[in-house]
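**Student:** Protein chains in written order, with our numbering: chain W, 1 to 344; chain L, 1 to 364; chain S, 1 to 158.
There may be inaccurate statements among the hints.
Example chain S residues on the side facing chain W (calculated, C-beta under 8 Å, incomplete) [as the list claims (entries may be wrong)]:
| id | residue |
| --- | --- |
| 1 | 16 |
| 2 | 17 |
| 3 | 18 |
| 4 | 20 |
Everything labelled a hint here was simulated from the structure, so no lab data went into it. Quick caveat: nothing in here was measured; it's all calculated off a predicted structure. For glycine and all other residues, C-beta sits at the position ideal for the given N, C-alpha and C.
In case you want the letters, here they are:
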Amino acid sequence: MTAQTLLFELLIPVAKIIAVILYPMIMVIVMIWLERRVVAWIQGRVGPNRVGFQGILQPTADALKLFFKEDIIQREADAFLFNISPHLVMFSSLLAFCFVPLGESFRIGGYTLNLWVASSPVGLLLVLGLSAVGVFGIIFGGWASNSKYPLMGALRSVVQVLSYEIPIGLTVLTVVFFSRSIDLVEIVNHQQHGKIWFGFMLPVSFIVFWISGIAETNRAPFDLPEAESELVAGYHTEYSGMKFAYFYIAEYTHMVLVSSLVVILFFGGWLPPFPNARFFSFLHWIPGFVWYLIKIMFFLYVYVWIRATLPRYRFDALIKLAWKWFVPLSMANFFVVVALKYLL
Amino acid sequence: MAFKELELNMGPQHPSTHGVLRLKLAVDNEVVLSIEPIIGYLHRGMEKLWENLTYPQIVPLTDRLDYLAAVSNNLAYVLAVEKLMDLEIPKRAQYIRVILAELQRLASHLAAVGFMANDIGAMSVLLYCFQIREGILDIFENYTGGRLTVHGMRIGGVPFDLDEKVTAMIRKTLAGIPEKIRDIEGLLNENRIWKHRTKGIGLISPEDALARGLTGPALRATGVAWDIRKNIPYCSYEDFDFDVPVLKGGDVYDRYIVRMEEMRQSMRIIEQALEKLPPGIFRATVPHSLKIPVGEVFFTIEAPKGELGFYIKSNGTDKPERVKMKSPSFINLQSLELMCKGNLFSDVVGILGSLDIVLGEIDK
Amino acid sequence: MSKTRSFLRKFLLIDIFQGLLITLKYYFSSKVTIQYPEEVQPPPERFKGLLRLYRDEAGEPLCIACKACQRICPTDCFDIEGERREGARRMWPTRFNWKLDRCTSCGLCVEVCPTDAIRHSDAFRMTSLSRGPLLFHHPEMYLTGEELQKYFCGGCLR
């Protein structure tokens, strides 16, 4: 076993796996801080600013507090399902991150370092499928709580996630139609060779995908199943302490995943703006994954901005929106795009 | 899986019941069949307590009834006592009372709209409404020293005169409000999600509203043009030129619009009162140990939440024989069941927010 | 509004963007938070702070133990006794007990006092670590500032 094989076959993949676990966790910590600060700033007040410099240690303080809380489990609750459901939700989101590319490949010496853990020719399908596996965690959580309100909340969440999977699939079809590949790396590369990014070429797809993504992650304005002022507090009512923290973190991880997908599919992934124009070629000096992070941060800002502004949809209107508006709209969009491509 | 009739409990501790109110709901597959409000968690025995206090001593305690609109309670009580005593109030005092009452109406409606928006999900609107409200509470703080328990009325007039500083503060605050109200309306009025959550929800017909004694903005949103300030004027309200917004929808959206319009009309009244403020004394002399001859009176005013009334029975001593308060929220709460029937239970919070109840008033 | 215009408004999410722009405007405006306890807003002149007794220029208590405040207080906070001294036209208070935990800050006692002896101060930091300090005796009614804070608790001014 030469030193070379050791490095390339063992250490670098292990490092990549650790990175792919740390990257969403760090983004989640940033998101918790960002959400509280941005919502506060929109409301005309200053958010948490005492715990660290400008409050950046606030997520740590929250995590420590949740860590020390008592881990309650009811007597009649199904202990096994109760315990594994937070892990299932987190696991599905984290596993999907293995297939999300973060930037271009580097060449160091003779070795190409890929900024993704695994590259699969069906990467997009895997990511979408894995993020849907999180539904199991929600159902198990609601069922194992042995209480009618979490169960109702869990069922609503599940219906919501499944209903909005369909517009996501249909809008992604339009992107795939142009990029002719469902490998995420190829989709980004195609946006470099093509003239404009898919977000500008297919605005309807982008908007429908983005709104469905917000609905998938159970965020405002689609957060009725888990809003504080509603009767049913959702599938994580009976969870306390670290398990609740897991659900919380898993929701933010899913948000980061959806933002990554939007950026990769519609906004050029790691490409700088105007990737082909020679005038802007100085932008290439900034490495790809920095552009990627900038774009993801923008979409996370938009998530929080929307949460602070809009009221909540009622549940039946939520589902009606998915089935009566988004599904026909995305199907019509697909046909219009196909027709336009063949006519022009 | 079909849920048969479920009995749900929105317990006394809940983020959306405005105070400690317990609602027992019977729900059939998300549609509300019946609601039973259970009150009494904030009962403090006010009416019995007042039988042992003299008339001037009761005034600061009326602050604590509708704690979001303290001055209105004070006004209703002192007007009732003055009517019982047949006391003539100087004109300047009446105008200052109108200014304070309308400022309090602004503050109360802002809190109502803010909390309703927060329950439906638009959390920033609550903070914007409260920023405006802070300006108004600062005025009260500079006038009497209290923000929430203002104690802004005395039997015979008002405690202090409106000096330069307070008048300048009122004008400055009022100048800044219309733009912020426009912002709030821009966030809510045309918003499709807001309209979806509030239009056609919590409907009540004018006949049902009158049969159940609904008063205040909720009644005016059903089409009945009844405002005590116009129909039975008190405290020089007839000197001012203002409109009373009346809408016909009877749903949550219309109640919200009526409140926003009433805020604008309140600002009009305050400006007119400041312009036309007559010189004179601001408080008639009334002895501190006040003895009122035997008699009884029932006097109502248009409080921000509806018709607020005091029934006082005197027995010749300096303490009343019986004081009974008619609180608008208590009567308005009766209409909750009719408004919620047939709606989904996610709408109950919105309807409750639009009714604008305060438990301090209900439970006394 | 014509049908096409309202359809376009609905399709292009104009009302949602309008709301988003309003919140964006507030995002960039100045914030109203006051960082207490580093910044403290000075209370206005008529602020109903902690009730204090005052002395006149000669150092004598202004209070003449007329018990008007005791009679008017709705919540029965006062317990006053007075004495007349040799050759004086006025009375002096021998006992002036005041209960802070019953006071509702209504201001009636301040209005009623004939000599302006009892007034609202601007002290509002009234936390104490036990119930003892909430009952003020006559000498303690004159404490202000630092000494008042020390009387209540350690005096950390929070």
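**Student:** Failing hints, ascending?
**Tutor:** Hints 2 and 3 contradicted; others consistent.
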